[in-house]
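J.: Residue strings, one per chain:
Number of protein chains: 2
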Amino acid sequence: MAKSSNELLEALKSAGFRMTPQRTAICYVLSQRFDHPTAQSIYEQVRAEHPSLSLTTVYQTLDSLLKIGAITSLGNAGDDTIHFEVNTDPHINLACLTCHRICDLRSEAIHALEKEVQQAVGSKVLSGRVVYYSECLEKSNPLECTYHPSVNQEVVHG
Amino acid sequence: MAKSSNELLEALKSAGFRMTPQRTAICYVLSQRFDHPTAQSIYEQVRAEHPSLSLTTVYQTLDSLLKIGAITSLGNAGDDTIHFEVNTDPHINLACLTCHRICDLRSEAIHALEKEVQQAVGSKVLSGRVVYYSECLEKSNPLECTYHPSVNQEVVHG
DNA sequence: TCCTACCTTGTAATGATTACAATATAACAA
DNA sequence: TTGTTATATTGTAATCATTACAAGGTAGGA
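Here the protein sequences line up with chains L and P, keeping their order.
Per my numbering: the first sequence ends with 158, consecutive numbering throughout.
Per my numbering: the second sequence ends with 158, consecutive numbering throughout.
Here are the computed lysine to aspartate or glutamate pairs in the EDC-like style, where the Cα-Cα straight-line distance is at most 20 Å:
# : chain 1 : residue 1 : chain 2 : residue 2
1 : P       : Lys-124   : L       : Asp-79
2 : P       : Lys-115   : L       : Glu-116
3 : L       : Lys-124   : L       : Asp-89
Worth flagging that the hints you see were computed from the coordinates, not collected in a lab.
Take the sequences, apply the hints, and build the full model.
T.: Here it is in structure tokens:
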């Protein structure tokens, strides 16, 4: 379940960050995307509405959201760009090394796993990433690159 | 449990890679390190014995080991460099965003989690990374940066 | 010993991310 | 509303890990 635009904005606001049109737009785009976007892809999408937007602002806003834990970073997916995760509910991520898309896999075990982490580290856990790498069914054709039906296919577009 | 130098070399050999002094040295260093080294740190260590070693060779060898699954990549630990994992037994990694060291946490739940991944993706899982980010006990002093005693402290030097 | 495909090396290129300085503006108070 | 100030945004320039490339070297089989 991704966060709403308002949840992201409220998180920034209550952490002392100012409301700006750029941040509002970035949070809106984040909330509407069910994939695992990169800074560049956010930039391009927001720029369609806010032509003056700077890429630096996107990086800075994502960094702020990261710092307050509103989003997390999944690292790269075989490409060399950082993918972000808006859905911070515990789950497994499956990254395809061919098409560089990441999709979500619901997991029972992850709750026990996070409990283990909490017990070992205490309250200081800032964020986590659980990513497994593989190849989708169709190596040759990224457009058909997809996982087994048990995987949450709605989010296979990042 | 880290791999022995021979295990790494044999893995390369049986995958069709040639034995070279450089690869032997790199595998040896990898097997002796219980932290989560970066390409640069491997380079510096091997270079002490093999002054002609090139950084490119280190990257190339690590890439070969990655491709055959003998090691895995954990991504970065708050710094901007990739950390590698020689111990491919399923476990949780804890990365400190202050001192950039990663240590291992034994986990029961991870076995169930990997089973979930296998069921969803089939045999095509290439590698995984389970990393949680936090701060060690002593933020201000990296030398004392350490986790709760339940965490495997032997490997806290990467 | 010879051959050839594969390796290593050094250097140059790449490209995502960050640093920086000048300008603009959100938020608060009067 | 207006003024003030700390914070945000922008554009450009710098950073730096990683990769590409080409020339020379070598492992391993014939």
